[in-house]
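Chains as they are written, first to last, in the working numbering: chain L, 1 to 157; chain V, 1 to 152.
Hints in this document: simulated from the structure, not taken from any laboratory.
Wrong hints could be hidden among the right ones.
[As the list claims (entries may be wrong)] Heads up, simulated BS3-like pairs for lysine-lysine below, C-alpha to C-alpha not over 25 Å straight-line:
no.	chain 1	residue 1	chain 2	residue 2
1	V	Lys9	L	Lys147
2	V	Lys146	L	Lys147
3	V	Lys146	V	Lys81
[As the list claims (entries may be wrong)] Partner residues are not named here, just some residues of chain L that face chain V (Cβ under 7 Å, in silico):
no.	residue
4	Ser13
5	Leu15
6	Phe131
7	Leu135
8	Ile142
9	Tyr145
10	Asn151
11	Glu152
For every residue, glycine included, the Cβ atom is placed at its ideal position computed from N, Cα and C.
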Amino acid sequence: MMKSNVETIIRRSSLVVMMISGIISVFIILSVIFNYPRDIEIFPKVTRNLIREEAIARCLCAAVLFVAAFIFFRIFRSGRPFTDGNIWAVRSIAGLFVIKGLVPLAVKSLYSEGFMLGVPRLIVAGIGDFFIAGLLLLFAEIMRYGKLLQNESDETL
Amino acid sequence: MKNEELTRKIKRLSNFSLVAIIIYFVLNILGFFTVNKSYIIDFDDHSMPENIIGIISMLTVVFCAVAGAITTFMMLNDLSKKRTPFTLRISCLMRNLGIYLIILDIAKAIFVYIAAGEVIVGLFWFAGIIFYAFSLVFRYGKNLQKESDETL
Chain L
1 MMKSNVETII
11 RRSSLVVMMI
21 SGIISVFIIL
31 SVIFNYPRDI
41 EIFPKVTRNL
51 IREEAIARCL
61 CAAVLFVAAF
71 IFFRIFRSGR
81 PFTDGNIWAV
91 RSIAGLFVIK
101 GLVPLAVKSL
111 YSEGFMLGVP
121 RLIVAGIGDF
131 FIAGLLLLFA
141 EIMRYGKLLQ
151 NESDETL
Chain V
1 MKNEELTRKI
11 KRLSNFSLVA
21 IIIYFVLNIL
31 GFFTVNKSYI
41 IDFDDHSMPE
51 NIIGIISMLT
61 VVFCAVAGAI
71 TTFMMLNDLS
81 KKRTPFTLRI
91 SCLMRNLGIY
101 LIILDIAKAI
111 FVYIAAGEVI
121 VGLFWFAGII
131 FYAFSLVFRY
141 GKNLQKESDE
151 TL
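Given these sequences and hints, build the entire structure.
Okay, structure coming up:
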């Protein structure tokens, strides 16, 4: 497939993904705003930590989607995926996933009297999120490599 | 050379991710033993067509999960061994992974609906769309790589 054709497809798909991520992130934020105060009142005190944990995790999820929408907006606008801004955006998503992995632990530590920290607990807390963060860092490096190729291509032309 | 340094870094990270995905996969398999009972189909409570759809969707979930894990494994393996991350094979593997994730989420939603009567839609389908979009980015990278190789 020709480079210009691929660029057109990338632009179109970026527009679709950008819109979906934007809409979902707004929905998630709205669900937190409307549900959190009600849930805190309705459910017994014992489950409040879980509700807080869930609300923070949802906010972080919305933030991830918002940054993703930003990345795809930039790709849609320029048609170029390999830029410094996008690389940093992917890294920031990785950072958000690390925070999301640590959130359950932090909330439990804040609201419980017992000692909640410890290496095994930390590992179990958000192993999936840490794994995704690692994969995203890998993607960021691949994008850096892509940026070098893009620069070479621009200089040649 | 900055190019070679980056390639080495990508290979190292891919190797690390490869080990991580194996550990993650094993942990997920162990997680099956602690499955919530409310999401197990009781065949006596449902009609025959519901049971059949439930079994098909469950098998689809298992197939997509295993296929997705194998595809990820193959992709990371390729990333850690190939000279460049931008190849047609990696782009196709990424596209397949996206498709598996989308099908997995749809099948999971159907299964949970039949088993527990709840409509739960996760974000796997969205991750699938993102992977699909990234596969296009990789195809673009493949063209850049080709240009770079031809220039040299």
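Exercise for review: Any hints from earlier that this structure breaks? Give me their numbers in increasing order, please.
Suggested key: 5 and 10
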